[in-house]
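K.L.:
Fit chain B to the known structure of chain A by using the hints.
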Amino acid sequence: MQLTGHGVTLRSLESDDLPMVLQWRNSEHIRRHMKNQETITLEDHQQWFQNHNKSDDLYFIIEIGDRPVGLIWAKDIHDNSCETGFYLYDESVQNTMLAYRVSLSFNDYIFDEKQLELIYCDILHENERSIRFTLSLGYKEVSTYPEYAHFHLNKSLYLPRRKRIANLLQKSSR
Amino acid sequence: MTKEKFLAELCDILGIEADTLKRSMQLSSFERWDSLSMLSILELYDEMGLDIEVDDVEACQSIDDILKLAGH
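Sequence order for the protein chains is A and B.
Residue numbers for the first sequence follow the numbering used here, beginning at 1 and rising by one.
Residue numbers for the second sequence follow the numbering used here, beginning at 1 and rising by one.
Only chain A is shown next, with the shape it has when bound in the complex:
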């Protein structure tokens, strides 16, 4: 499956992507923002992918043109809700608007196509950049724990921010 919109392509994770994604996930600049900061072994990674294929979880490779630059996912899909997260491995795209392009494209899919009602995520307290970004999409912090905070986004919170951000993104030659 492939999603296109807002100038970015999201395509379903495939088995051929596993070595690349494992390298991304174990890199220091990605791993340090994860709740589980342990290095993932190849065996664990392959087992995770086999389990993923049996589940409803959604994992997409983020691409610019044909260049894979990151990963976005929705997991634990049940009761009209899911947990989401994403990372941009390629540091050349980190200080760009790509994060918004990816988030809008994915959130539109979750709310409009999958018809889910609630997206949630957990972010480590020290990841202030990600927290500011998440709040800017309309998420609300609903609870906090010693290491991380828990955020919720529903359609009524999302749509006003989506409209504003999409209008600004449209001012682009892409």
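FYI, nobody ran anything at the bench for these hints, they're computed from the structure.
Because the structure is a prediction, the values reported are computed rather than measured.
Misleading hints may appear alongside valid ones.
Unchecked claim - Computed list of lysine-lysine pairs in DSS-like fashion (alpha-carbon distance at most 30 angstroms, straight line): (1) 5(B) with 163(A); (2) 163(A) with 3(B); (3) 22(B) with 68(B); (4) 54(A) with 163(A).
P.N.:
Just chain B now, kept in the frame of chain A:
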């Protein structure tokens, strides 16, 4: 929007004190130069009635580049 008001908003976006801002500063030197600060600057331009494209803001390297897009 006056230049002073624009500079105050810019400093707020970048999380720095107004008296430390210099045109020659490189944006990559700011901890807060990220997708959210770019979005906030695009919103500022929009409020000023300026039709600035995302690509123009992504291409900015310095405070000088940001100010020039605002006509300052």
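K.L.:
Against this structure, judge whether each hint is valid.
P.N.:
Hints, one by one, checked against the model:
no. : hint              : verdict
1   : 5(B) with 163(A)  : holds, 26 angstroms
2   : 163(A) with 3(B)  : holds, 28 angstroms
3   : 22(B) with 68(B)  : holds, 13 angstroms
4   : 54(A) with 163(A) : violated, 35 angstroms
In summary, the one numbered hint that this structure violates is 4.
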